[in-house]
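Fit chain B to the given chain A structure using the hints.
Chains as they are written, first to last, in this note's numbering: chain A, 1 to 398; chain B, 1 to 398.
Hints were generated in silico from the structure; no laboratory data involved.
Treat the hints with care, since some could be wrong.
When chains are identical, the list treats them as one kind, so a pair holds in a single copy or across two.
[What the hints assert, rightly or not] Calculated cross-link-like contacts (lysine to any residue; reagent style SDA-like; alpha-carbon spacing at most 20 Å): (1) 384 - 284; (2) 312 - 258; (3) 312 - 250; (4) 344 - 91.
Every value quoted in this text rests on a predicted model; they were computed, and no experiment measured them.
Number of protein chains: 2
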Amino acid sequence: MNVLGMVVEYNPFHNGHLYHLEQAGTQSNADVVVCIMSGPFLQRGEPALVPKRERAEMALSSGADLVIELPYMFACQHADIFAAGAVSICRELGITHLNFGSEHGKAAPFVQLVDFLHTHRGRFDERVRFHIQGGCSYAKANELAYRDLEAPGSLPDLSQPNNILGFHYTNAAARMYPSLHIGTIKRKNASYHDISPRDPSIASATSLRHMLERNEDISAYIPEASRRILAGLPALRYWEDYFSVLQAKMLTMPTADLASLYDMSEGLHHRMQRLMKEATGFGQWLQLVKTKRYTLTRLQRTAVHLLTGLTKEEAHAASDGQHVDHLRVLGMNARGRTYLNKAKKNISIPLYTKMTNKKTPQLAVGERADTAYALLLPPSERQKEWRRDYDLPPLLLF
Amino acid sequence: MNVLGMVVEYNPFHNGHLYHLEQAGTQSNADVVVCIMSGPFLQRGEPALVPKRERAEMALSSGADLVIELPYMFACQHADIFAAGAVSICRELGITHLNFGSEHGKAAPFVQLVDFLHTHRGRFDERVRFHIQGGCSYAKANELAYRDLEAPGSLPDLSQPNNILGFHYTNAAARMYPSLHIGTIKRKNASYHDISPRDPSIASATSLRHMLERNEDISAYIPEASRRILAGLPALRYWEDYFSVLQAKMLTMPTADLASLYDMSEGLHHRMQRLMKEATGFGQWLQLVKTKRYTLTRLQRTAVHLLTGLTKEEAHAASDGQHVDHLRVLGMNARGRTYLNKAKKNISIPLYTKMTNKKTPQLAVGERADTAYALLLPPSERQKEWRRDYDLPPLLLF
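In isolation and in its complexed conformation, chain A is listed as follows (with noise of 0.2 Å):
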């Protein structure tokens, strides 16, 4: 039986999507196809657009047919962590195959640059250090050191967004689920980055996003049911909506209690506080913050800490950065849940088809993630949401 993991964002569900949905699906010969999804927050350091509830909905009335949540702690994260949380779950789940999307489009390179590394390590390493303190930033580092070892030229080339996950991907599995098939598509004219589309049925999430925040028409770009869904939504979620939140928390903060936050280092804290004072937006904010040592992804990600009130204690606690401790269920059809209680038996850690009090520390931590990614509505109605978060079962779409 060929299971097929894919990990994604869904923010909000596109036709690129679709189409990675399908072809992956052709390509692995799937008889199930698993979704391993973001929660509240997303791997740049954004809060998702649209819920996840409905971003669960949009993947199954798409092809999906389970939905799991990728936990907080794994979700909003470097790369390598991000890769390795969604590779436990493909392990504990008994996913077949991994598909992801890629500006290189074939899988056999990345397998060899995954060998090439495990050979050069401790070089690489090196390298990478040696870049970083030269004023790289940790992307920038990898691509200098891949090239100071002279690397084979096939190789996938790491300063795509893209390709970067998918090493981290293939570089989890090698070392915690060897036997997962990684497979890939190539990414469909736009690149992740892009801001107009080039093509008539296909843009990018981000050139997605920006549209939707100058109000334009969007549907030729999404399958129907993710016009319906977003069109049912009573708002979209930016950054911008939670600045007053973060302001007010970040404003009122003892400095002790702003330095103990998870991804915080020393100094940046004073001047994200001091700075915060003289912004009256997000992105104003950001502007001002950002330097070359801290770029814009890094800084969002310290933000929406801040916005959960994650601290490094806690973090630690909750997590070893490679395995998730829980499996939440946040949607899935007919076959989905047929394949589910087939491989609960050997499912090591809680699984979550409903909510109970007792809850893993990594879903503990994501439960004040959901509550945070509320903050931005009048109180009457975040109660609503977090009702509806955690007392509701999962989707179920038949």
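Here is chain B on its own, set in the frame of chain A:
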């Protein structure tokens, strides 16, 4: 030279306050009148209806010559700490006469009561502890302890809120500043908790706040200057307006940080946090949390410290609960300024007529309280208020 000091909140300034100012001035034959005024948060754990600058203006418009802020570390506190802070300001400023409003109306019995207690301290404290252990509030336990020790019958009734404050001023003066003359004016007509006025021109501040909440006209009960100043404000500030921020902070704060808040006791933070998720408004939340042990006033003060983020550690580092560590001038007229220039040479702590970056610990804590006070405003307005509080010189009314 007679320098009259009065400890005030003016929330808002009304005809009863005007009566007190005039009577106290006459009684003490005052050359200068100094108001020691709470800043953004008040003794009973409430945000001031009106910013301190405007309340200082009301005071200066009605007979005060100099308005000094009672620092947050003393303003939002039990009566004994509140009173000690105020008396320490009196001593620094060379105030000769302190006058308070009371239900009792005569000064000598307050002094007598303090003497009585001085003699019976040990047994009195033992009786207070006994009654607190029996489940009484602090105020009730005090009252019962006096009865137990058969204190003289003409002593002020300490179940009355203004008598309690008066007692604590007198007590603090006996301890810290024995040369301070104590005077009191009997409160006219309206008791502190009165909601409906019984006199054509005087109503309590509480009843006026209730009238304001219902959008009723209070101009019959306040001086013309207060009316004009109130009319010039974009909005008045109530606890309910802060609920959204309070909820955001409480629900995304790690348990350890919550437990470290000033005035937060073991168990209470769990109760407050759990019930916070169920409430949609401040009043509703407080009613849910309230128990026999935790009075509304106590809970409101804790809510203020949550809003301002004050921790036990910061509080203990900033204050001994007895002495203010700075004087901040909120406003003055020519007479007030002349007096201040003369008094300056005897002031042993930093005097802030304009702000500098070098802030005393209590002022730093107070700045965060000012920051929190503006959080009900939209981000662009918050900033204006912060600048007004820290970039403008004190109000000069000549």
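Hints violated by the structure (numbers, ascending): none
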